[in-house]
Amino acid sequence: MKIAVCVSHVPDTATKIKIADDSKTIDPNGVTYIINPYDEFAVEEALKTKEKFGGEVVVISVGSESNKESIKKALAMGVDRGILLKDDNPRDSFGVAKVLAEEIKNEQCEIVFFGKQSVDYDNSITGQLTAELLGYQCISVVVDLKFEGEKVIAEREIEGGREVVESRLPVVITAQKGLNEPRYASLKGIMAAKKKVIEEKPAAGSKPTVEILKMHKPPAKQPGRILGTDSSVVPELVRLLREEAKVI
Amino acid sequence: MNKFTGVDYYNIDSLFSEEELMIRDTVREFVSDEIIPIIEKHAREATFPIHLISKMAELGLFGSTLPQKYGGSEMNNVAYGLVMQELERGDSGIRSFVSVQSALVMYPIFAFGSEEQKEFWLPKLANGAKIGCFGLTEPDYGSNPGGMITKAEKVAGGYLLNGAKMWITNGTIADAAIVWAKLDGIIQGFIVEKGTKGFSAPEMKGKHSLRASVTSELIFDNVRIPEDNILPKTEGLKNALMCLNQARYGIAWGVVGAMMVCYDTALNYSKSRIQFGKPIAAYQMTQEKLVYMLTEITKAQLLNTQLGRMKDDGTLKHTHVSMAKRNNCEKALEIARIAREILGANGILDEYPIMRHSANLESVKTYEGTHEMHTLIIGEDITGYPAFE
Ligand SMILES: Cc1cc2nc3c(=O)[nH]c(=O)nc-3n(C[C@H](O)[C@H](O)[C@H](O)COP(=O)(O)OP(=O)(O)OC[C@H]3O[C@@H](n4cnc5c(N)ncnc54)[C@H](O)[C@@H]3O)c2cc1C
Ligand SMILES: Cc1cc2nc3c(=O)[nH]c(=O)nc-3n(C[C@H](O)[C@H](O)[C@H](O)COP(=O)(O)OP(=O)(O)OC[C@H]3O[C@@H](n4cnc5c(N)ncnc54)[C@H](O)[C@@H]3O)c2cc1C
Chain A
1 MKIAVCVSHV PDTATKIKIA DDSKTIDPNG VTYIINPYDE FAVEEALKTK
51 EKFGGEVVVI SVGSESNKES IKKALAMGVD RGILLKDDNP RDSFGVAKVL
101 AEEIKNEQCE IVFFGKQSVD YDNSITGQLT AELLGYQCIS VVVDLKFEGE
151 KVIAEREIEG GREVVESRLP VVITAQKGLN EPRYASLKGI MAAKKKVIEE
201 KPAAGSKPTV EILKMHKPPA KQPGRILGTD SSVVPELVRL LREEAKVI
Chain B
1001 MNKFTGVDYY NIDSLFSEEE LMIRDTVREF VSDEIIPIIE KHAREATFPI
1051 HLISKMAELG LFGSTLPQKY GGSEMNNVAY GLVMQELERG DSGIRSFVSV
1101 QSALVMYPIF AFGSEEQKEF WLPKLANGAK IGCFGLTEPD YGSNPGGMIT
1151 KAEKVAGGYL LNGAKMWITN GTIADAAIVW AKLDGIIQGF IVEKGTKGFS
1201 APEMKGKHSL RASVTSELIF DNVRIPEDNI LPKTEGLKNA LMCLNQARYG
1251 IAWGVVGAMM VCYDTALNYS KSRIQFGKPI AAYQMTQEKL VYMLTEITKA
1301 QLLNTQLGRM KDDGTLKHTH VSMAKRNNCE KALEIARIAR EILGANGILD
1351 EYPIMRHSAN LESVKTYEGT HEMHTLIIGE DITGYPAFE
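First to last, the protein sequences are chains A and B.
Heads up: the first sequence is residues 1 to 248, going by the working numbering.
Heads up: the second sequence is residues 1001 to 1389, going by the working numbering.
Heads up, some of the hints might be wrong.
[Said to hold, decoys possible] Taking lysine-lysine and the BS3-like style, the derived pairs with C-alpha atoms no more than 25 Å apart in a straight line are:
no. : chain 1 : residue 1 : chain 2 : residue 2
1   : B       : LYS1271   : B       : LYS1182
2   : A       : LYS194    : B       : LYS1069
3   : B       : LYS1055   : A       : LYS48
4   : B       : LYS1278   : A       : LYS221
5   : A       : LYS195    : B       : LYS1069
6   : A       : LYS24     : A       : LYS50
7   : A       : LYS68     : B       : LYS1003
8   : B       : LYS1003   : A       : LYS177
9   : A       : LYS196    : B       : LYS1069
10  : A       : LYS18     : B       : LYS1069
No wet-lab data here; the hints were simulated from the structure.
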């Protein structure tokens, strides 16, 4: 079984993001990058799938040289080899999906794992676009997964509950938190990753389908308010929750 | 709480390789996820978090510098140091566990053991199936282990061991003890297995320090051990000291982790604690404290990095290790105390890690050679006069 896992390289969720002077990009100074957290679930599931059925796992990332850090993280966790599709310019989800689909076709991978969402642009769409371009089945936001021969049975998160769906290979799966508990890269794994290959090739050009006009930060959070400390303020609290916060 | 991202004022990260940083960051994450959330409870209850052993083994923390064929990861010494640093950011007791297992149990078996001993013990110690301890100190011989009275006698088919050890980390939970005893007046190492008749390891209670670590006595009352359990390549106190040298190296790095968390906690606290209408960080005296802490951390980091590079290229002398152990433990204790001051009354609560580290560091300053012993070791090296006696 040949398995691919696609990872994006995103600003650490703990860093404070600054918008650059052009109001269209992020100021990269002082930003540390990590593997997209949802993609860790994807890597873990890819490894588990390989451990069950044998085969090979290849990690693919589209982006600049620094994306190799996330590729290496996946290699240290146990992925067999890496591919960097190199492009130093940001591209939109469709541009990413196009080159990923091309590469996955070359590699003839039957199962492809994505994160459900990249925590930088949050489009939550690259996996689905790639599946469409490949003509693969796609199951998104997966929290439980089983393969039985050609059959794929997945549990996915939906509003207010879960649904179980069945599909077949070849398939794209996008991973949601809860699918598994990603392993730590062991020290042995990190040392072994040094010897694994990362193939680098230029990503074919793409015409943007979406243009970023402007980025801005959400309005600053209002400070909390203390209405009082005993039950006499409950009616006022209810009123405010209803009329001001509009949450009940 | 903010995610801990280390203390690096001098871009010291640029002195580390990509693998070294990756190893450090992995252990850092492990410590944040698995150790910090549970450690205060264990320290309060004076229990070692035994469930961490298998997780630490899986991560590859035991014997990580040893060859793969014995279960190691063939990591270099700088990476090993960084691992120790991260572990001690969690707790000195956890770092002690790993130090003992790696530097004081796996190392002597690797360096002084027979091939059969290596093949039998090392993989099991690496995967956490077996736990080890190191028995050198005795009730009456601490800084002067050469005076030890624990004795081995050659008898038919093996050795007869008599005596007692004290202050032995992991003793009660260990499956195997590396015990140093005099055979015909010469100190040699022996592997004593749990359950051997006449061998007991009662836990020492009432510690105010290293509470999340097990410390024990080892008692040998006519313990017969098989011939094969002597470490064949030991020939005197120097072999035991070689082990200590490995462990001291880890301590020199480890305490920097404790320094970092104390500094980081104090810095964050000082920015949010308002007195006289301003954050206490805005007062000169607080700033002086923070700057002192950061400067000492930076110096210790540089000391360690060069120490590690020398260990890796084979130019390290044991006196170099003494200097780093001596300096870094002293400064770590000082930093923990200053951090406690900055936190005021909150500094004594176990809601913050300061007091636990401060108390732990009292042990760390004493074990593996006290501050004074390391002074005398370096003193002898530079003057030519041994001043121990
Ligand atoms: C500051 C910044 C700089 C960037 N610089 C570059 C650059 O130099 N070159 C470049 O090509 N792109 C660059 N990008 C785009 C980046 O590589 C991602 O493609 C993009 O951030 C993904 O966001 P999304 O919302 O489209 O993904 P989503 O659709 O939310 O992602 C879903 C899943 O798709 C997969 N995925 C997403 N992006 C990639 C990817 N790039 N490679 C492999 N799998 C992926 C992951 O599994 C992810 O979990 C940059 C983005 C940012 C924020
Ligand atoms: C928590 C903990 C865990 C430990 N774990 C282990 C372990 O796993 N295995 C093990 O073998 N040991 C272990 N030890 C023991 C430790 O190594 C000894 O405590 C240490 O070597 C000091 O010995 P001592 O306590 O007998 O002090 P002493 O040797 O009695 O020293 C008391 C004081 O006198 C000073 N002193 C002694 N001689 C001189 C001199 N010539 N000149 C100037 N000052 C001097 C010392 O520096 C010290 O300040 C542990 C100790 C602790 C606290």
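Evaluated hints:
no., hint, in the structure
1, B:LYS1271 <-> B:LYS1182, "violated (57 Å)"
2, A:LYS194 <-> B:LYS1069, "holds (18 Å)"
3, B:LYS1055 <-> A:LYS48, "holds (18 Å)"
4, B:LYS1278 <-> A:LYS221, "holds (22 Å)"
5, A:LYS195 <-> B:LYS1069, "holds (17 Å)"
6, A:LYS24 <-> A:LYS50, "violated (41 Å)"
7, A:LYS68 <-> B:LYS1003, "holds (23 Å)"
8, B:LYS1003 <-> A:LYS177, "holds (20 Å)"
9, A:LYS196 <-> B:LYS1069, "holds (20 Å)"
10, A:LYS18 <-> B:LYS1069, "violated (48 Å)"
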